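Let the hints inform the model, and build the full structure from the sequences given.
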Amino acid sequence: MKNLGLTYTTSIDKRPTLKARLKTLGRGKKHTRTVRALNDVNIDVHYGTVLGIIGSNGAGKSSLMRVISGIVPPTQGRVEVYGSVSTLLALGVGFNPAMTGRDNVYLGGLAAGMSREEIDKNFDAIAAFSELGDAIDTPMRTYSSGMFARLAFSVAAVVEPDILIIDEALSTGDAKFKEKSLNRIKELRTSDRALILVSHALATIEDICNEVVWLDRGKLMARGKPAEVIAAYREFVDARKSASSDEDV
Amino acid sequence: MEKPVVVYEPFRAGLPPMREYLRSLWARRTFIAAFSRSELREQNFDSLFGQLWLVLNPLLLSGVYFLLIDVIGGKSDSSRFAHLTASLFLFYLIANSLSGGVKAITSGQRLILNTSFPRIMLPISAAVVALFRFLPTLVVFLGIHTLLSLPFSWQMFWAFPVALIAIVMSLGMAILISCINVYFRDISSMLPYLTRSLLYLSPILYEAANMSHRIKKFEVANPIFYLLDSWSRVMVHGQAPTAAGLLYSSLWALGIFIVGTYFFLSRERDFAVRL
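Residue numbers (my numbering), protein chains in the order written: chain A, 1 to 249; chain B, 1 to 275.
Quick caveat, the hints were computed from the structure, so don't treat them as lab data.
In this text the structure is predicted, and so the values were computed from the model without any measurement.
A portion of the hints provided could be inaccurate.
[What the hints assert, rightly or not] Keeping only pairs whose Cα atoms sit at most 27 Å apart, straight-line, the calculated DSSO-like set for lysine-lysine is:
id, chain 1, residue 1, chain 2, residue 2
1, A, 19, B, 103
2, B, 103, A, 30
3, A, 178, A, 121
4, A, 225, A, 241
5, A, 23, B, 103
[Said to hold, decoys possible] Partial pick of chain A residues on the chain B-facing surface, computed with a CB cut under 10 Å:
id, residue
6, 37
7, 39
8, 42
9, 70
10, 71
11, 75
12, 76
13, 78
14, 80
15, 106
Beta carbons are placed, not taken as given, at the ideal position from N, Cα and C, and that holds for glycine.
Put into structure tokens, the structure is as follows:
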């Protein structure tokens, strides 16, 4: 990522309507606002790296993931991606609750960019990882949230891409599932793969990653060894907390 | 092995690199099919009663209109019922594309925010669903045509190009309205009024041949008027469509498709931050 920047215009109203536009026509009311989500970010991620991205809400973590994944184009700089990318930014993307777990494995896999042959090849592994048993052939609307999360994670985690991008996907499911998915991510840490992990769980980041990047308001604040960057981030957050509590006094 | 390289850079307003875009769209064709199939399954299309309802709904509607206009109105003619049915079935292809397309992008929010893919896939999928819902009604219409002893002729093969124009038009409409709805979400609430107006302004409850020339000249502004007229001529009367009918309907279909696709493609990179 070289000099990466992302500035976008979005609507102020959550649900922009033609009616609201027509009602305020000629009154000079603003309907859009400009957001600077990323500002001059430079990061190199090599194979063998497990990069953790930390930062407060609104720091630009998810925006950065979306730019790397090609979901949102940058407005400044450039991103060069070498190798196949699999993104796990949310669980169960493309799933249809009316369909069975089996059908959704295909639907979710195809949505993630896999071919039908790849899904066929990996289906047994996905089904086994999800531990759903016979429930894989029942409609997903009958699943508990844990079952849903297990199947959704299995679809994304069984693929072995060159680059895997995970955004907060580990925060779903029960404790057993969290541990299982964490172990799977640890298995994926190989010298011929790069992993980028976004999480608020600093202990997990410190445990899994060999490098950490700290973002704040779209800017790269620090990059380096997990323990050092996390310590600096904690210090920053604590300082901000005490500053705000002083203001309250 | 050499790793594939993808570069993401700022873009200027306008179309994305088309060759790359079309290649990516083609590579995702299996997903379009699977996504459309899942939508159809959600609408119970895979069950007998689900399919029956698709046919029964426009059939009942045409029965009601036939009762109102022809039986109560005093004129009873078997070709009028066939005209009503054939036109309503094709009208439903357009209306279903519009109603499926209008929410294609906004309801695909999770996909758009979390996966990189050509966004046009979603309205295409809505148009594919509408097409699959249209196909069984064709079989029903041919049954009605036979029961009413209406003429079959070689001219009925004109149905293929006319249906192709209808498909291009419904695809263009789905693409255009899906994009507009991202910026103005109340378009979906206005859609029933729009489709109802189209229903009354198009030659469905009446035949184009029975209209006065003074009124008919304004119908050039109705995108589906000549399409439905051509369809009725071919399917009900077994006649070839008029050259003007084919020309106007083709121009409207291509115009909506080109404008809709251009508008969509030049805006789609904006969708992830607008949803």
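Hints and how they fare:
For the hint linking residue 19 of chain A to residue 103 of chain B, the alpha-carbon distance of about 18 Å falls within 27 Å, and the restraint holds. Simply put, residue 103 of chain B and residue 30 of chain A have alpha-carbon atoms about 25 Å apart, close enough for the 27 Å limit, and the pair holds. For the proposed pair residue 178 of chain A and residue 121 of chain A, the alpha carbon gap of about 25 Å is at most 27 Å, so the pair holds. With a C-alpha separation of about 24 Å, the suggested pair residue 225 of chain A and residue 241 of chain A falls inside the 27 Å cut-off, and the hint holds.
A hinted pair counts as satisfied when its Cα atoms are at most 27 Å apart, and residue 23 of chain A with residue 103 of chain B qualifies at roughly 24 Å. Because the beta carbon of residue 37 of chain A sits about 9 Å from the nearest beta carbon in chain B, less than 10 Å, this interface hint is met. Because the beta carbon of residue 39 of chain A sits about 14 Å from the nearest beta carbon in chain B, more than 10 Å, this interface hint is broken. With its C-beta approaching chain B no nearer than about 15 Å, residue 42 of chain A sits outside the 10 Å limit, and its interface hint is violated.
With a cut of 10 Å, the hint placing residue 70 of chain A at the interface with chain B holds, because the nearest CB-to-CB distance is about 4 Å. At about 5 Å, the closest approach between the beta carbon of residue 71 of chain A and any beta carbon in chain B falls short of 10 Å, and the interface hint on this residue holds. About 5 Å separates the beta-carbon of residue 75 of chain A from the nearest beta-carbon of chain B, less than 10 Å, and the hint is met. The restraint placing residue 76 of chain A at the interface with chain B holds, with a minimum CB-CB distance near 6 Å, inside the 10 Å limit.
A hinted interface residue such as residue 78 of chain A counts as satisfied when its beta carbon comes closer than 10 Å to some beta carbon of chain B; here the least separation is about 5 Å, so the hint holds. Of the supplied interface hints, the one on residue 80 of chain A holds, with its beta-carbon coming within about 5 Å of a beta-carbon of chain B, less than 10 Å. The beta carbon of residue 106 of chain A comes within 6 Å of a beta carbon in chain B, closer than 10 Å, and the hint placing it at the interface holds.
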